[in-house]
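Engineer: What follows is each chain in one-letter form.
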Amino acid sequence: MERPDFLNHSAEHLNGNLKGKDILSVWQFDAQTLDHIFSWSLEMAEIAKKGYKADFLSQKILANLFYEPSTRTSSSFTAAMERLGGSVISINEVKYSSVTKGEDLEDTVRTLEQYANVIVLRHPEMGSAAIAAEAVSIPLINAGDGVGEHPTQALLDYVTIRKEQGMLDGLAVTMLGDMKHGRTVHSLARLLSLYQVRLNYVSPEILRMPSTIIQELEAKGVQQSEHESLSEVLSDTDVLYVTRVQKERFEDTAVYESVKGLYVVTPETLRAGKESLTIMHPLPRVGEISKSVDSYTKNAAYFRQMENGLYVRMTLLAGVLGKLPA
Amino acid sequence: MERPDFLNHSAEHLNGNLKGKDILSVWQFDAQTLDHIFSWSLEMAEIAKKGYKADFLSQKILANLFYEPSTRTSSSFTAAMERLGGSVISINEVKYSSVTKGEDLEDTVRTLEQYANVIVLRHPEMGSAAIAAEAVSIPLINAGDGVGEHPTQALLDYVTIRKEQGMLDGLAVTMLGDMKHGRTVHSLARLLSLYQVRLNYVSPEILRMPSTIIQELEAKGVQQSEHESLSEVLSDTDVLYVTRVQKERFEDTAVYESVKGLYVVTPETLRAGKESLTIMHPLPRVGEISKSVDSYTKNAAYFRQMENGLYVRMTLLAGVLGKLPA
Amino acid sequence: MERPDFLNHSAEHLNGNLKGKDILSVWQFDAQTLDHIFSWSLEMAEIAKKGYKADFLSQKILANLFYEPSTRTSSSFTAAMERLGGSVISINEVKYSSVTKGEDLEDTVRTLEQYANVIVLRHPEMGSAAIAAEAVSIPLINAGDGVGEHPTQALLDYVTIRKEQGMLDGLAVTMLGDMKHGRTVHSLARLLSLYQVRLNYVSPEILRMPSTIIQELEAKGVQQSEHESLSEVLSDTDVLYVTRVQKERFEDTAVYESVKGLYVVTPETLRAGKESLTIMHPLPRVGEISKSVDSYTKNAAYFRQMENGLYVRMTLLAGVLGKLPA
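Chains as they are written, first to last, in this note's numbering: chain A, 80 to 405; chain B, 80 to 405; chain C, 80 to 405.
Please keep in mind that the hints were generated in silico from the structure rather than gathered at the bench.
Glycine included, each C-beta is placed from N, C-alpha and C at the ideal position.
Honestly, I wouldn't trust all of these hints.
A few chain A residues facing chain C, derived, Cβ under 10 Å [to be verified]:
no. : residue
1   : ILE140
2   : ILE168
3   : ASP183
Based on the sequences and whatever the hints tell you, model everything.
Structural biologist: Below, the structure is given as structure tokens:
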């Protein structure tokens, strides 16, 4: 993949070697690097489950710098570091920090660089992760920069699809809900463009996938199609990736009320799908997947998806800190 | 003890074995299990004091999930986990978490289950701990669920009484202050009903012990009596358990002003008590026990009570994680 | 140095031995103790950089109690403890804690004493650290008590000057900006009075160094001079210590606008200085030192200053916990 303009030179192609690198964008990954990450995630699952003393990262410190709240992502990185014997400095309340005294992001990360070996950054502005990475010489991992990227989410989605379905080539992946605002579906679609997948986007008219992304993926030869109703593609779908349709996205609440039912997944919905259909969701969910789905099918994979997030983040932390073989 | 209706089947009787169990309610405890906890708390005190490398819980992670602030309880569980070599994910600011995005408690704990080995939950609603425990397969410890239960507080109170007085049978325990709202005194009274104790409740008329609790304990044959003045029972009291009388509980502040002095303990108050009288308080105190009491008698046990909380929580964490002999 | 009135007897002279002591004030330090701290800070830098398993403080717990937000100081103490194998209980949001229930500082620290081996306290009121230290028997380190003291900042400033310049005797140290409100410059000036330094204070008229401090240092024979413009002393300065001039300190914003440019350091400013001039700042900066200075001179020492803070705090924690040779 080619590097887009807003990324600086910290966002290097990884070519299978994470050591000392920043993880800023899905654009840095190729199929070989993804293979490595998949294999290592399986190893990390063993480490976490067997619970033997892992000290890969003993004496290493992670600075977990969250300018926006995200319990889920922040906890996942904390657990990943702790599972490998490392320590964590959590800065979850940036509004209370020196930032309120007017300090800029670059000075903040340069200060944390004095204390820590790796930085994880969540920030509301697109491009902020690249700016921060440029300011420091230790590795920085982007945990979401506004409408920009959320590469670790895309990686855990990739690992989950591969674990659940065994391979990626040949799959039909249907993304359901808000295609317009979700950095999650944007990052995932880009990552999947490395494989022979067909992508279906099912959304209300006003929440369609941005044409820039559709054109990007078209240029790579990815088969894509857009729909307003899941029933048009469900029977031929292998992976159903559900996201939330937020009421506040609609100017006219009558329109919202008229469409919302189309983007809720229930056991009833699933009866028309393949028995092997994998159901995913980045969580938190707020009704888009009814709770009865959880026990309806063993292919409801969204909590395993969270679990895979732990293993992917263990892999990335160990990798950028130079503790994995290249 | 019998399980009340609001508890689900996660709240099993422990029968001396904590492994894999949830700790939701004092109703789960019998005298044999309490004996185990007492003995292990003494061991844990040795471990914490000698400071040799305890790695009972190395590679184990506690998710400390607090929907309400409680520095004291949260710090105590954190220290307990760390003293045993384990790690902690702290989620102390739930209002900033995905919960604000509308996620429900069950999904939140199911997510944390992917990262952690045990969950400690403080939540403002009665019954929430039982609901959360049902949603996950890892052990969950109730650190207070609204007006419901606070079993670890009752356990540390029990350990403290036994350490200070040597035994429980035969003791007269006087509870002073707000008998109506305090889950602490409710839980403790229930736990003490396993022993041959006499219970005196001293409170303003409007803050009397709920009759449901009095009837429950009566059915078990516990001797109980109610009073408005401490002087009626002090000379025959072995343990004085003080709680706060909050001004906001009174509709008529004149009534509050007229009674508040009766529920403040000073060295003067104590002169009429036994020399061996143990003085306890769940803390924080706000004037109910004057500071001059701290040095007035070596039997002012409220800071030792906090200390015992550490040992009890070490015991519970090691126990539910299967690291104590049955 | 002599102990001022507001300090209690916890603020003992250290005489080279930190074991079991509280660190409350720069008044506790003599040149011999500072020598020890300097040497140990160099050792700690090796430990942190080589990253070999340091377990000086394994099984020790730090309670990091911050009544005011300070990401920088709090992170620094956390990292220091973790680098030495210890654990941390962070209490960064005191407004959410039992303090809101009205508990006083003494009860809070006496509670934390039950869980932890050492307390670090940041509090908005002068003298609070001394009060808290008196209440507990474990060591307490003052991380800033209002307009009182911030001794660990002064120590890291001292270590930085010595590392950058090789010695202290004979140096001209110029402090620039707000001399009136900054506890940082007050503490540092007092600490430097142990050496043969010349001190220049450059500030707007309304932000001059308090005369009490000038008289104190005069009594010790320190050469001091006051200026309104940096150009008067820059060419003869070895260390330039920059602090922020806050707009809100000025009643008349026209006065602020007329002077602010005088207290901003740029490469232009520095051309008139020595080549060996060390530039320091306690951070965060908000424009007082332009970013172009960072790369203009290798003597821009403010990020190294932060780094030294880590090593000084490792030294203090190991020292008060009795893990350094006397």
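Engineer: Confirm or reject each hint.
Structural biologist: Structure-based check of each hint:
Here the hint on ILE140/A is kept, as its CB sits about 6 Å from the closest CB of chain C, short of 10 Å. At a threshold of 10 Å, the smallest CB-CB gap from ILE168/A to chain C is about 5 Å, leaving the interface hint in force. With a least beta-carbon distance of about 9 Å to chain C, the hint placing ASP183/A at the interface is held under the 10 Å criterion.
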